[in-house]
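Starting from the structure of chain R, add chain U where the hints point.
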Amino acid sequence: MTPETLLYALTFPILGVFLGLVYKGVDRRVSARLTSRIGPPIRQPFWDVGKLLLKETVVPKNAIAWIFNAMPIVSFAASMTLLLYIPFGVLKAPLEGYGDLVVILYLLTLQSLAMAIGGFASGSPFSSVGAQREMVLMMSYEMPLATVIVGFAVLYKSFSLTTIASTPVWGVAGPLAAMGVLLLFVALLVVTPAELAKLPFDIAEAETEICEGMLAEYSGRNLALFYLSDAVRGFAMAALEVVLFFPFTLTSIFNLNLTGTPYYVVEALWFLFKVMVIYLLAITLVRTSFARFRIEQASRIFWVYVNIIALVGLALVWLGV
Amino acid sequence: MAKTQYYVPVGPIHPALKEPIRVEAKVEGERIVDVDVKRGFAHRGIEYMGMKRNAIQTLYLSERICGICSISHPYAFVIGSEKALGIEAPPRAQYIRTIIAELERIHSHLLWLGVVAHEMGFDSLLFWTWKGREKVLDILELLTGNRINYSVFMIGGVRRDIKESQAKAVRDMINYYRIFTEEMKDVFLADPVYKARTRGVAQLSKDMAKKLNVCGPVARAAGLRMDVRQDTPYDAYADIGVRAVVPQDIVGEARGDAYDITLVRIYEIEQSLDIIEFCLDNMPEGKLMAIPNYVALLAKIRRSEGEGIGMHEAPRGEVVHYFKYGNKRDGPLVWKVVAPSYNNINTWGSLLLGAEVADIPIVVAYIDPCMCCNDRLAVVRDENGRLIDPATLHRKAVEKTRKLRAELGVRE
Chain R
1 MTPETLLYAL TFPILGVFLG LVYKGVDRRV SARLTSRIGP PIRQPFWDVG KLLLKETVVP
61 KNAIAWIFNA MPIVSFAASM TLLLYIPFGV LKAPLEGYGD LVVILYLLTL QSLAMAIGGF
121 ASGSPFSSVG AQREMVLMMS YEMPLATVIV GFAVLYKSFS LTTIASTPVW GVAGPLAAMG
181 VLLLFVALLV VTPAELAKLP FDIAEAETEI CEGMLAEYSG RNLALFYLSD AVRGFAMAAL
241 EVVLFFPFTL TSIFNLNLTG TPYYVVEALW FLFKVMVIYL LAITLVRTSF ARFRIEQASR
301 IFWVYVNIIA LVGLALVWLG V
Chain U
1 MAKTQYYVPV GPIHPALKEP IRVEAKVEGE RIVDVDVKRG FAHRGIEYMG MKRNAIQTLY
61 LSERICGICS ISHPYAFVIG SEKALGIEAP PRAQYIRTII AELERIHSHL LWLGVVAHEM
121 GFDSLLFWTW KGREKVLDIL ELLTGNRINY SVFMIGGVRR DIKESQAKAV RDMINYYRIF
181 TEEMKDVFLA DPVYKARTRG VAQLSKDMAK KLNVCGPVAR AAGLRMDVRQ DTPYDAYADI
241 GVRAVVPQDI VGEARGDAYD ITLVRIYEIE QSLDIIEFCL DNMPEGKLMA IPNYVALLAK
301 IRRSEGEGIG MHEAPRGEVV HYFKYGNKRD GPLVWKVVAP SYNNINTWGS LLLGAEVADI
361 PIVVAYIDPC MCCNDRLAVV RDENGRLIDP ATLHRKAVEK TRKLRAELGV RE
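Protein chains in written order, with my numbering: chain R, 1 to 321; chain U, 1 to 412.
In isolation and in its complexed conformation, chain R is listed as follows (with noise of 0.2 Å):
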C-alpha cells in the first residue's frame, strides 16, 4: 500500500458522506420542485445529521441493546468500505486490488442486513413486520443484481471494477451484447430504488403502513449512522452505475489535452455530473412518480418482470462474446 492509496482512503469515506449529504440534499430539493413545493434548502441534510448527533439516543426496553447498537456503526461501515471500492472518475479506487464486484454486491446486501436485523432487535411490532418486509424485498432484488454482475463478468472474464472502469463496455460487447448490457442497465435502474429502499420500494420504511418501519426504534446517533449510511449508499450506487455503464471520460469524449490539475478537476467534475443524472433519472425522477407498491406486488415486479429482462440481457451477452 502506497503513502497515494493510504490518502485516498483516508479522504475517500469524507467525500463520500459530503457528496452523499449534498446528493440528498439536492434530490430533496429537486423532487420539492417535482411537485411543485420549495423544499428544504440544499444543506438541509447536514442540518439533520447535526441535529440527530445531538439528540438522546433511545435503546427500547425490550430491545436486544447491544445488537440493536451495533447494527447503526455495521451499516455505516458497510458503506463506508463501499467508497472504496468505486473508482471516483479517473482516480483509481483504493482498495481495487482487494476485491470486486462480489464484494460490492456483499456490502450493499450488508447494510439492508443490518438494517433488518437491528429492526428485529429493537423488540418494536413496526420494526418486526419492516424487517420481515425487507428480508423478502432482498430476496426478490438480489437474483436481478447478481444477474447483472455476473452479465458484466461473463463480458470482461473478471469481476474486477477496475479493469471493467478501464474499458468501456460499449467498446468490449459487440451489437448482440451491448442490446443485452443495455437491458442489464435497465434492470440496475430498476433495483436501485430498492437497494436505497426509496419509493415505490421503500415498503420495508412505510411511513404511513408502518411508521418507518425498520427505524422506528432509532434515535439520535443510531439514527445519524443509518441516515449517513442512506446518503452514501445512494451516492455510490448512482456511481457504481456510472462506472459500469458510463465510464467515458470527458478527455476520451473531447479529445482535449489536459494534463496535471485541470485534468483531475475536470474529470471529476465530469463523473459528479453524470452521477448525478443518474441519481436524479434512478431515484428521484421515480420516487416522486410512483406510489409505494404492496410487498407481494413488488416482489412479483423483481421475480418475474425484472429477472426476465435481467436474464435474457445476460443471454445476449453470452451469445454476443
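No lab work stands behind these hints: they were computed from the structure. All clues stand as given, with none of them false.
Here are some, though not all, of the chain R residues that point toward chain U, as calculated from beta-carbon distances under 10 Å:
| # | residue |
| --- | --- |
| 1 | Ser31 |
| 2 | Thr35 |
| 3 | Ser128 |
| 4 | Glu212 |
| 5 | Phe293 |
All C-beta atoms in this analysis are idealised placements derived from N, C-alpha and C, irrespective of residue type, glycine included.
Frame of chain R, contents of chain U only:
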C-alpha cells in the same frame, strides 16, 4: 411451527391516522388475523355547550364540530332549527346555501383524494390535488370571507349575498375544475399503480354495506343509491333533482372497493360543478334573511316551541341534527348531532380482517374518518376503574382549583 403473531397498534398517534382513534391489529406476517377498533379518545361535550348558549351562538359552535367540512353541521343545524321554529329561508338564500355546500364538497373530496394518495405513498399526487384545491378555497374565501368556518349560514337565511362579480369568479372556477377533474380521472382512475393498490382493497359488498348501515360515498361506492339530496331534497336540491352517483352508472358494476370510492368522489366533484352552475343560472332575486334582525330572531325562538330534524348530505355522508326548542329559552333545549363517520367506522373491523398490513392506511382512509365529528362524549373513570359521575367530577375540579390557588397564593 406456530406462526409468530405481532400486535400492530395504529393510533391514537400514527402517521396513517392523525386523529384520536385506535386500531389494534394482530398480524401474522403481513396478514391481519384479529382487529379491534377503539374509539372515544377525545371529549368535547359540544352538545352540552350548545344547550347553554342561544341559538345563534350555538350555530357558530356547530361549525367548529368538524375541522374540514364546516358547512355540513351548520347546514343540518339551520334546516333542523327552521323546521322546529317554523321559519322558511328566502329562495335566494336557499340557492346561496346550496352553492356554498357544494363548493365545500369539492374541497373536501379533493382533500380526501390527496390523503388517500399520501396513504399509499404517492405524495406527488397529494401535492397536486391539494394545489388544485386552493382554487376552491380561494372562492370560498371570496364568497364568505373565510377559508374555513365560513360563518355565513343563519337560521332563516344567509348572511352574505353572491354578487355578479363574485358569480363570474365562481364560473371561472367551474371551468378550471372541469379540466382538473378530467386530469384527475387520468392520474387516479387510469393509473396502473393506483389501480393495483386500490382494486379489491377495502371491498364492501352491497349486503354488507346495508348491514353495517354505512352512508355517504361509502354506501354509494358499494352500489346503494342513497343520498340525502336525492331522498329528502331540501333548499335548491328540490329544484335540481339530484341523482346519487353510483359506480354502476359509470362503469357498469359496483365492487365497493377503494377504487370505486375514488370513482364516486371524482364524479361527485363533477356533479357539484353542475349543481353550482345550475344555481348560478337560476338564482332567484329577493332578500337573504327571513328575519334579518337577530334580536327579533332570538325573541321568536324564545316564544317558539317545537322539534325538528335537519339532515344534510355532507361530503362524508349524512349529517343529522335533532333539535327541541321551548321552555322560554332562546337556545335549543336539546341538541343531538349524528355524524357520518359514526356509521362508517363500523366497516373497519370487517374490512381489516384478513387484509394486509399495507392495506391498513387505505382501509382507514377510504371512509374519510372524522373523529372530531364523532367524539362528543366522555367516560371518566377513577384509578380503580369506576365511572365518575358529573357531580363528583365537578367537586374534584373545584377542589383542585382551590388547591392550586392556595399553592400559588391567589385569592378568590
